[in-house]
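J.: Single-letter residue listing:
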Amino acid sequence: MNTDIQHILTKYPNAQRDDLIPILQEVQEFIGFLSREAVVIIGKYLKLPTSKIYGVATFYNQFRFQAPGLYTIQVCRGTACHVKGSLKVLEAMQRELNIKPGETTRDGLFSLEVVACIGACGLAPVISIDGEFYAGVTQDKIKNIIDSYRRKAEKIEANA
Amino acid sequence: MIQIEVNNKPVQAREGEMILSALNRAGIRVPTLCFMENLFPSGACRMCVVEVEGQRNLIPSCAFPVADGMKIKTHSPRVVKARKTIIELLLANHPNDCLYCSRSGNCELQNLSEEFGITQHRFKGTTAVYPLDTSSLSIVRDPSKCILCGRCVRVCEEVQGVSAIDFAGRGSTSSVETAFGEGLNVSSCINCGQCIMVCPTGALTERSRINDVLDALDDPEKVVVVQHAPSISVTLAEEFGTKPGKDIAGIMVAAFRQLGFDRVFDTSFSADLTIMEEASELVQRITNGGKLPMMTSCSPGWIKYVEQFYPDFIDNISSCKSPQQMLGALIKHFFAQREGISPDKIYSVSVMPCTAKKFEGDRPEMIHDNVADVDAVLTTREMAKILRMRGIDLNSLEPDTADSPFGMRSTAGKLFGATGGVMEAALRTAYYLITGSDMDDYKIQDVRGLKGHKEVHLTIGDTEFGFAVVSGLDNARQLLEEIRMGRSDIHFIEVMTCPGGCIAGGGQPHSTDIKAIRQRMQKLYSIDRDERVHFSHKNTEVQRLYDEFLGKPLGEKSHHLLHTKYVKREEVLL
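Top line first, the protein sequences correspond to chains E and U. The opening residue of the first sequence carries number 456 in our numbering; numbering runs sequentially from there. The opening residue of the second sequence carries number 355 in our numbering; numbering runs sequentially from there.
Hints listed in this document are in silico derivations from the structure and should not be mistaken for laboratory results. Being a predicted model, the structure only gives us computed values, none of them experimental. Keep in mind that a hint or two might mislead.
Said to hold, decoys possible - Ranges of calculated distance between the beta carbons of each label pair, as one might list FRET restraints:
no., chain 1, residue 1, chain 2, residue 2, range
1, E, Gln517, U, Phe477, 45 to 53 Å
2, E, Lys499, U, Pro364, 28 to 36 Å
3, E, Lys598, U, Asn465, 34 to 42 Å
4, U, His722, E, Arg561, 36 to 44 Å
5, U, His722, E, Lys499, 46 to 54 Å
6, U, Gly840, E, Arg472, 25 to 33 Å
7, E, Arg561, U, Asp716, 31 to 39 Å
8, E, Gln480, U, Ser865, 50 to 58 Å
9, U, Gly523, E, Lys499, 22 to 30 Å
10, U, Glu836, E, Asn553, 38 to 46 Å
Ideal placement from N, C-alpha and C gives every residue a C-beta, glycine not left out.
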């Protein structure tokens with residue numbers, strides 16, 4: 456993976472620290488997340504300590520530090536969803552998956568993201584899994600939804 | 355000078371200076387949290403706000419320059435209320451476990467809370483629970499006690515040039531983190547402990563070895579020996595309330611004996627020994643065309659810094675172990691043999707001004723056949739705690755002297771405690787090695803004082819040599835860059851990790867006061883002035899050690915016991 460991002464860096468000759476965010480964005484788009492190796496390479500290129508890059512990247516929601524899972528779950532925490540109880544939904548999701556937002560489960564199946572509003576306030580509280588929307592989600596529904604994806608993944612594996 | 359008016363009284367101020375510095379000079383105390391002397395103000399905490407006539411908002415005095423005729427109120431009701439609210443908000447999510455906190459009684463947040471008469475928990479926020487970071491051999495991080503003042507981040511970046519930590523996250527979930535939130539042990543942290551020195555709360559502390567040492571002292575099977583670094587005798591008393599700059603060498607030795615240490619040795623002895631080896635190494639490198647400039651190796655933070663940031667300079671570092679490790683090795687391999695004690699029965703403690711010494715003591719290079727040169731490293735602060743725990747009253751003790759065969763020192767060895775001291779001691783002995791006679795004037799003024807970068811060119815024999823002394827690793831970095839760019843007039847460089855040297859080390863009494871550091875330094879200089887043995891090579895115990903055991907400097911025994919190797923570190927997140 457080490458040299459993978461070189462082609463991105465070469466697009467930024469004489470790069471300064473202001474180029475950090477665009478570089479991070481391109482690297483994330485390319486690898487899917489910000490790997491340690493990539494951050495170390497970017498740090499060397501821009502002469503920035505990794506702690507500083509990590510600090511900048513954690514300031515923004517858009518950056519992630521783990522490879523995305525097979526399925527990406529977005530929990531909406533917009534105003535309407537919040538009023539309809541999305542915090543409870545998020546907490547239940549964290550318990551079910553045993554991860555925090557921005558992380559990926561150990562089995563590599565799910566990654567969890569929090570989004571501000573997915574523009575489906577009429578369906579609040581709403582979650583989206585790989586673009587598929589689930590409306591009026593409550594705590595009790597979470598396990599069923601997740602289990603259906605677990606079964607789906609098992610099937611894929613069995614066929615493979 | 356311009357005139358400003360503070361609390362209806364005229365005050366003189368210097369053009370362009372910040373309000374806070376004018377107030378401090380006039381003896382008007384304004385509380386601060388994020389403020390750090392000599393660094394660019396960050397204005398983050400707003401504790402130092404004052405009311406300035408004509409300004410609608412309260413003004414952070416640390417970051418606002420004075421202007422002629424400015425009218426300032428430092429303790430108006432509006433100001434005091436704002437400051438008090440800041441403290442109350444900081445306390446809203448701060449753990450209430452002062453009773454169990456190692457900084458209790460010595461905590462800036464606690465002091466401010468007391469100063470503002472805060473007696474109740476007015477705002478209740480959710481206390482974020484972060485796991486303790488105990489991964490480092492030197493430093494423990496407890497982010498739940500952090501108030502985000504940013505002083506640790508700034509000292510790490512701006513003074514040391516390391517940047518192992520930075521702010522991560524945003525808003526109410528911000529925290530100070532290493533890269534990827536990993537443990538300090540895999541970060542670029544060099545263990546210097548300057549972050550501990552500037553931390554206002556208990557969020558950063560040393561990794562304590564107090565219990566291990568007490569257990570050893572209570573173990574009748576163990577022969578427990580202690581060594582104390584050159585700077586300890588001029589700082590330990592401050593932990594007991596005396597003014598900075600008091601030397602209690604004799605009383606300290608007596609106190610250690612009373613604690614139950616079987617032998618008390620002086621690391622300044624092995625500082626003299628280091629000089630014999632290091633000066634010989636320097637002369638050898640110069641005469642045999644070895645790698646130059648040679649760089650000192652006594653400061654373990656600096657060693658890790660080079661290993662991870664400048665591995666191309668590893669061969670420039672003197673192969674000498676630090677005085678702590680030299681004495682540790684001699685205790686286990688010479689003293690033990692002479693006294694007929696098995697090395698594994700010896701528990702060897704060192705009292706150091708330093709947190710990086712804890713890391714150094716546990717380096718695999720410092721352990722041979724499961725016998726570590728040094729078993730436990732205590733900071734000055736930890737030793738003071740042990741003395742209090744065991745009820746030792748320093749005022750009632752009669753001064754005592756350290757034990758033979760490692761108890762004698764020259765004043766050159768003692769100077770190791772301050773920046774420039776190793777250089778001065780090394781030059782005195784190198785001069786002797788090259789010319790065969792001692793310098794007429796042993797005092798080398800150009801390498802003295804608290805400046806972060808000092809240089810001197812001296813003619814020894816018939817050749818001119820260049821010497822540089824840097825402290826604070828950002829100063830070292832600049833010099834290394836100059837050398838990379840081709841600078842070649844410097845032959846020998848002393849580097850101390852902490853600005854000012856060991857007297858300002860990360861294990862010293864909590865203080866960021868430059869005046870205290872200056873007084874400690876003056877004390878070391880006055881010891882050098884008042885005592886009679888000024889040359890490491892005139893230390894008769896060192897001479898005897900060479901006669902009876904080591905043979906000659908850089909000899910085979912020395913090579914085996916007193917010298918070491920360094921490693922390029924590629925595993926850390928730089």
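J.: For each hint, tell me whether it holds in the structure or not.
T.: Each hint tested on the structure:
| no. | hint | verdict |
| --- | --- | --- |
| 1 | Gln517(E) / Phe477(U): 45 to 53 Å | violated (32 Å) |
| 2 | Lys499(E) / Pro364(U): 28 to 36 Å | violated (55 Å) |
| 3 | Lys598(E) / Asn465(U): 34 to 42 Å | violated (51 Å) |
| 4 | His722(U) / Arg561(E): 36 to 44 Å | holds (41 Å) |
| 5 | His722(U) / Lys499(E): 46 to 54 Å | violated (36 Å) |
| 6 | Gly840(U) / Arg472(E): 25 to 33 Å | holds (27 Å) |
| 7 | Arg561(E) / Asp716(U): 31 to 39 Å | holds (32 Å) |
| 8 | Gln480(E) / Ser865(U): 50 to 58 Å | violated (45 Å) |
| 9 | Gly523(U) / Lys499(E): 22 to 30 Å | holds (24 Å) |
| 10 | Glu836(U) / Asn553(E): 38 to 46 Å | violated (53 Å) |
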